[in-house]
Amino acid sequence: MADQTLPIPGPTEIPRIGTAGFSEWLHSWIVTVDHKKLGILYVAYSLFFLLVGGVEAMCIRIQLMFPHNHFVSPQVYDELFTMHGTTMVFLVGMPILFGFANYVVPLMVGARDMAFPRLNALSFWLTAFGGILLYFSFVGGFGLYGMGSAPDVGWFAYAPLTAKAFTPGHNTDYWALALIVAGFGTLGTAINLVATIISMRCRGMTLFRMPLFVWLMLAVSGLTLVTITPLTAAQVMLLIDRYLGGHFFDTQAGGSALIWIHFFWIFGHPEVYVLVLPAFGIASEIIPVFSRKAIFGYSTMVGATIAIFFISLAVWAHHMFTVGLTSVSIAFFVLATMVIAVPTGIKIFNWLATMWGGRLRFDTPMLFCVAFVFQFVIAGLTGVILAVAPWDWELHNSYFVIAHFHYVLVGAIVFNIFAAIYYWFPKVTGRMMSEKLGKWHFWVFFAGFHLTFDPMHVVGLLGMPRSIYTYPANRGWNTLNMVISIGAFVQAIGVLIFVWNLIQSLRHGKEAGNDPWDAWTLEWATPSPPPPYNFAVDPVVRSRRPLWDIKHPDDPDWKYEE
Amino acid sequence: MSTAPIYADENWNLPSRGMVAMISLLIGESAIFTIFVVAYIFYIGHSVTGPTPAILQVPILNTICLLSSSITIILAERAIEHGQMRRFAFFWAFTMALGIKFLVGTGLEWRDLIYNHGLTISTNLFGTTFYSLVGLHATHVVIGLIMLSIVLIFTLTGHVKQQHAERIKVLALYWHFVDAVWVVVFTVVYIVGR
Amino acid sequence: MKRRPNLPLIRSGVFILATFFVALPPALGAVARASANTLAPKSTQAHEIFSLAMFALAIVGGIFVVVESLLTYAVIKFRRRKTDPDQEPPQVYGSLRIELAWTVIPILIVIVLFLTTARIIFAVQDPPPPKNGDLQVTVVGHQFWWEFRYPTLGIVTANELHIPVSTRQDPDPTYLTLLSADVDHSFWVPELAGKTDLIPNHPNHMWISPHKPGVYYGQCAQFCGTGHANMLLTVYVDTPAQFAAWVKSQRRPAVDDPAVAAGRHIFEMDACANCHTINGTTAHGTYGPDLTHLMSRATIGAGVAANTAANLREWVKNPNSLKPGAHMPAMQLTNQQIDEVVAYLTTLH
Ligand code: HEA
Ligand code: HEA
Ligand code: CUA
Ligand SMILES: [Cu+2]
Numbered sequence: 001m002a003d004q005t006l007p008i009p010g011p012t013e014i015p016r017i018g019t020a021g022f023s024e025w026l027h028s029w030i031v032t033v034d035h036k037k038l039g040i041l042y043v044a045y046s047l048f049f050l051l052v053g054g055v056e057a058m059c060i061r062i063q064l065m066f067p068h069n070h071f072v073s074p075q076v077y078d079e080l081f082t083m084h085g086t087t088m089v090f091l092v093g094m095p096i097l098f099g100f101a102n103y104v105v106p107l108m109v110g111a112r113d114m115a116f117p118r119l120n121a122l123s124f125w126l127t128a129f130g131g132i133l134l135y136f137s138f139v140g141g142f143g144l145y146g147m148g149s150a151p152d153v154g155w156f157a158y159a160p161l162t163a164k165a166f167t168p169g170h171n172t173d174y175w176a177l178a179l180i181v182a183g184f185g186t187l188g189t190a191i192n193l194v195a196t197i198i199s200m201r202c203r204g205m206t207l208f209r210m211p212l213f214v215w216l217m218l219a220v221s222g223l224t225l226v227t228i229t230p231l232t233a234a235q236v237m238l239l240i241d242r243y244l245g246g247h248f249f250d251t252q253a254g255g256s257a258l259i260w261i262h263f264f265w266i267f268g269h270p271e272v273y274v275l276v277l278p279a280f281g282i283a284s285e286i287i288p289v290f291s292r293k294a295i296f297g298y299s300t301m302v303g304a305t306i307a308i309f310f311i312s313l314a315v316w317a318h319h320m321f322t323v324g325l326t327s328v329s330i331a332f333f334v335l336a337t338m339v340i341a342v343p344t345g346i347k348i349f350n351w352l353a354t355m356w357g358g359r360l361r362f363d364t365p366m367l368f369c370v371a372f373v374f375q376f377v378i379a380g381l382t383g384v385i386l387a388v389a390p391w392d393w394e395l396h397n398s399y400f401v402i403a404h405f406h407y408v409l410v411g412a413i414v415f416n417i418f419a420a421i422y423y424w425f426p427k428v429t430g431r432m433m434s435e436k437l438g439k440w441h442f443w444v445f446f447a448g449f450h451l452t453f454d455p456m457h458v459v460g461l462l463g464m465p466r467s468i469y470t471y472p473a474n475r476g477w478n479t480l481n482m483v484i485s486i487g488a489f490v491q492a493i494g495v496l497i498f499v500w501n502l503i504q505s506l507r508h509g510k511e512a513g514n515d516p517w518d519a520w521t522l523e524w525a526t527p528s529p530p531p532p533y534n535f536a537v538d539p540v541v542r543s544r545r546p547l548w549d550i551k552h553p554d555d556p557d558w559k560y561e562e
Numbered sequence: 001m002s003t004a005p006i007y008a009d010e011n012w013n014l015p016s017r018g019m020v021a022m023i024s025l026l027i028g029e030s031a032i033f034t035i036f037v038v039a040y041i042f043y044i045g046h047s048v049t050g051p052t053p054a055i056l057q058v059p060i061l062n063t064i065c066l067l068s069s070s071i072t073i074i075l076a077e078r079a080i081e082h083g084q085m086r087r088f089a090f091f092w093a094f095t096m097a098l099g100i101k102f103l104v105g106t107g108l109e110w111r112d113l114i115y116n117h118g119l120t121i122s123t124n125l126f127g128t129t130f131y132s133l134v135g136l137h138a139t140h141v142v143i144g145l146i147m148l149s150i151v152l153i154f155t156l157t158g159h160v161k162q163q164h165a166e167r168i169k170v171l172a173l174y175w176h177f178v179d180a181v182w183v184v185v186f187t188v189v190y191i192v193g194r
Numbered sequence: 001m002k003r004r005p006n007l008p009l010i011r012s013g014v015f016i017l018a019t020f021f022v023a024l025p026p027a028l029g030a031v032a033r034a035s036a037n038t039l040a041p042k043s044t045q046a047h048e049i050f051s052l053a054m055f056a057l058a059i060v061g062g063i064f065v066v067v068e069s070l071l072t073y074a075v076i077k078f079r080r081r082k083t084d085p086d087q088e089p090p091q092v093y094g095s096l097r098i099e100l101a102w103t104v105i106p107i108l109i110v111i112v113l114f115l116t117t118a119r120i121i122f123a124v125q126d127p128p129p130p131k132n133g134d135l136q137v138t139v140v141g142h143q144f145w146w147e148f149r150y151p152t153l154g155i156v157t158a159n160e161l162h163i164p165v166s167t168r169q170d171p172d173p174t175y176l177t178l179l180s181a182d183v184d185h186s187f188w189v190p191e192l193a194g195k196t197d198l199i200p201n202h203p204n205h206m207w208i209s210p211h212k213p214g215v216y217y218g219q220c221a222q223f224c225g226t227g228h229a230n231m232l233l234t235v236y237v238d239t240p241a242q243f244a245a246w247v248k249s250q251r252r253p254a255v256d257d258p259a260v261a262a263g264r265h266i267f268e269m270d271a272c273a274n275c276h277t278i279n280g281t282t283a284h285g286t287y288g289p290d291l292t293h294l295m296s297r298a299t300i301g302a303g304v305a306a307n308t309a310a311n312l313r314e315w316v317k318n319p320n321s322l323k324p325g326a327h328m329p330a331m332q333l334t335n336q337q338i339d340e341v342v343a344y345l346t347t348l349h
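Residue numbers (the working numbering), protein chains in the order written: chain A, 1 to 562; chain B, 1 to 194; chain C, 1 to 349.
Honestly, the hints are just simulated from the structure, not real lab data.
Built from N, CA and C at the ideal position, the CB exists for glycine as well.
Hints may be right or wrong, so weigh each one.
[Stated by the list, open to error] Here are the simulated DSS-like pairs of lysine-lysine, each with C-alpha atoms no more than 27 angstroms apart in a straight line:
| hint | chain 1 | residue 1 | chain 2 | residue 2 |
| --- | --- | --- | --- | --- |
| 1 | A | Lys439 | A | Lys510 |
| 2 | A | Lys439 | C | Lys131 |
| 3 | A | Lys510 | A | Lys37 |
| 4 | C | Lys82 | A | Lys436 |
| 5 | A | Lys436 | A | Lys510 |
| 6 | C | Lys131 | C | Lys248 |
| 7 | A | Lys439 | C | Lys77 |
| 8 | C | Lys77 | A | Lys436 |
| 9 | C | Lys212 | C | Lys131 |
| 10 | B | Lys101 | B | Lys169 |
| 11 | C | Lys248 | A | Lys510 |
| 12 | C | Lys212 | C | Lys248 |
| 13 | C | Lys82 | A | Lys551 |
[As the list claims (entries may be wrong)] Just some of the chain C residues that point at chain A, by a computed CB distance under 8 angstroms:
| hint | residue |
| --- | --- |
| 14 | Ser35 |
| 15 | Val60 |
| 16 | Glu68 |
| 17 | Ser69 |
| 18 | Pro89 |
| 19 | Val92 |
| 20 | Ile107 |
| 21 | Leu108 |
| 22 | Phe114 |
| 23 | Val124 |
| 24 | Asp184 |
| 25 | Lys195 |
| 26 | His349 |
[What the hints assert, rightly or not] Residues from chain A that keep clear of chain C, each with C-beta distances beyond 12 angstroms, as calculated:
| hint | residue |
| --- | --- |
| 27 | Cys59 |
| 28 | Met65 |
| 29 | Val89 |
| 30 | Leu258 |
Excised from the complex, chain A in its bound form:
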């Protein structure tokens, strides 16, 4: 039981982009197998698609500003919301969160790279290719007539609308093929992350000393393995129907439309937890650091994560309360859905307890995280409202549902994505992001968010269904839709401030040093940006907060753990 030493390297030079020739630089990014570069590629790729998906959302909102508006044709509107949903979930949410994981997890567990660097590169390029294939649909096939053959069946692509008889072009093929390709990429990354987390931890990094972000990514990767695969299987069946004349979802030949709905949500529900759990992980890193306190109830947090993992596999039919299930099965899924509020609540309360008695520093990452907690509580509670099945019979497929899930997807996940970018940007680039622009970004986006998504609840309660490109003028929805659309523009301004901040800080941000936030996990023990090999000497840890132990040798954490 020998004591060892952990070297804390001093600051190094920040490498400048553009010293080498452009083609060399480009080549180095394309052939890279370094988890950090791949992480950056993932994040850049997803941010690009966030803008694309955002522009699609703006078009949706312009179309819905007035009743009987003619900004886009119905066909194009259907393509817009399908592509918006598909893009945001598969080309923004998943890759960006896997991107953060790619960058941070090996650093956090004290490894020099992912378990399989080349698989990692392959996975990224598969994901990227999936995205390109999806967007190629705008010009491919019967393309560029109006808007080409972009998918137009909703991101849930309910059968039999997807059958050749009802969507004869290639729209649906693009949807299925692109997602199968991107899905293989995601699976590769998930396998890689599991192997990294299980097999690559540095000395002393026992499972119960891993940072919570790593725990959550382990759960997410596991969940990915068992949820992306059913989607892939269902999409293969769909393609068998479309190309080989199969009958899986052919209602004329005795096939069932219902089984697609089951298959999709067996994937679709756990998928939303795949998106939200990394966001939980980000909050579990940022809130303690900016509260200057250890996370409250580490083991309970891990337990809650595992509980969410299992329960989320058994709630999918809460998306199907109106398809005519028996009352007993509805009751079962109501119970399962409501039970998931318990472990989620534990997380909320533990974050609150972490802040309680702390000394809160409201730098931009923390602002986004606090807003995340605030909004996630509301989103979760509207989720519970939807879980009250009879009420869901009224609310299903209305804008209330749209409001619920944008509160999670934007109010929780996008907010935490921003938090994570402000938090880890100094590590990745060696420069700080501008706090002043950061505050502007936060407040404008926050205002836009509430202006958009708060009235959406009301318009949903007033009976406005989703997926409609136009609406009657006499239902009392006009003013609210106008407000919602204005809110979307305010959000866009917030996003533009963010983009500006990124570009500015990349060039002129002030130097960050190794550990600008005075944080505690291993990634802050390396130089910013970390060298290709991450750690000059393999680190050894003895507690959950190795850097706290170093900074407070008189009062180290390991005295209190276990």
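Assemble the complex: chain A is given as a structure, and chains B and C with the ligands must be docked to it using the hints.
Okay, now just chains B and C with the ligands, sitting in the frame of chain A:
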């Protein structure tokens, strides 16, 4: 540079990353097979026209071949652990032969179904679910055989050595999985569904 | 200096929340001329859902206020101040007792909410089976219109459903069987009932027991293709007398006015007859709506346009100009032929 004293556990053994990755992959694969099996079971008896599962013949010999290949591959694993490379090559090739026999048997079965019973993937729901489930499994056998033959080539050229036993085990795990899935497919298609 | 939670602030928070959810929609709905408000129940099951909803809202509203107040309090109370000492605050790693508390309390809340919900699920979904004499209607969803069949009355109509009122003293519920001819649709009239999907190969059932005569608006609530937004739905809840009169008028054979024989001839000879039925003629198509009593309906094209001669003309000329994606082709008739057909259609009372 500053340093700080910290504590180190004496032993620090983590599971092999190859094994962890293979197990993860197989968990994902199981989910895919589950969906196809569920679809098969759900659609039993739903076909409106055309042949029914009654036309199927139970492929007993095939099944015996595939299942015994799990035993031969275990013998091959043992052999490489003890560095008996000749023995390893023999059992490895034997495993492959059994796999190939299985594929040929499946091919003949399909030929019979297509030409004598007129059952294709687009005939009816039975055809659709049958060919996709059995075909999905056969695809896995093909992939397995490709990987096995690569190993065989490297063994014969002398590139596979005792220290590769760990990786051979990872590959063998995949083969065992393919066999285990066959037990499920066999039960569902030829026993329950007939 | 100790700060107390700002009670007036919390109270006004509750008030705003309550207004937001419960008061605002009806207020806005009242402004609307054709409201589809989910919080304005007008039938037995809508009332059941509404009271359950208010119960659930009270619970989640309470949780909202408590949790968000704690958060606000923490943010204000524990923010770093200039005067703070430079060292780290005391580190707390957890407390099993507290964590147990915030596990058990939510579990109890969930149990209460679940049991209440379950009761209403069974009450609304599994009503006593229809008695002899209860009205039964088969609803068939088509891309992008509704077909209503009254098998016991021998009536077939489209897009506008007529049902009798069902008072507490004299209950007269209507039972619907929901089918689909092509893709998934969903039947939704917010003020009368929650939605039920129409799925091919999967018949569904629901019932409506409306309390107040009047006109109720709804629309298809499951994305079903280009015309989904225009798949509107109107329900007329009639008094017993009105309903009897309506049934009588629908059971008459189609009006046959010799003055418009030319139009009728075009209708029967051109392809119209392949898709539409007009009782008493050779037109027996079932792909499009039954037109026997077309003029008894207030709108055409599932609610996209008022049923006027001008709109009918536009419709027959080019249905897609009124309703993009509609599955009726423009029949390439000459202007004169169109005039004659429309003249014929307007006699179909
Ligand atoms: C990341 C995304 C995400 C997350 C985390 C969630 C979380 C939850 N969701 Fe949501 N949901 C979506 C994304 C998400 N959802 C999407 C995208 C759709 C629509 C898809 C589509 O149709 O296109 C959807 C749709 C959806 C429906 C179907 C609506 C319909 O179509 O009719 C339902 C119904 O039950 C539901 C419920 C819930 C519940 C109960 C939670 C719970 O996990 C919430 C738990 C959290 C809390 C409850 C708050 C904190 C807890 C406490 C403070 C403790 C005390 C609380 C209690 C005791 C109640 N969601
Ligand atoms: C992570 C997921 C995510 C995110 C972030 C968002 C973000 C937004 N969404 Fe989205 N949404 C979904 C996931 C998401 N959505 C899903 C899954 C559906 C269901 C789809 C379906 O039914 O099939 C949906 C559906 C959906 C609808 C319903 C459409 C319909 O049913 O008819 C609407 C309507 O208002 C909407 C609006 C918005 C808005 C205003 C934002 C805003 O928050 C967007 C803010 C971002 C921006 C405004 C970007 C800013 C861009 C610029 C500033 C341009 C700069 C350009 C360059 C520099 C080139 N969304
Ligand atoms: Cu029918 Cu939407
Ligand atoms: Cu869900």
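Self-check item: Hints that the structure is at odds with (numbers, increasing)
Solution: Violated: hints 2, 11, 17, 21, 26, 30.
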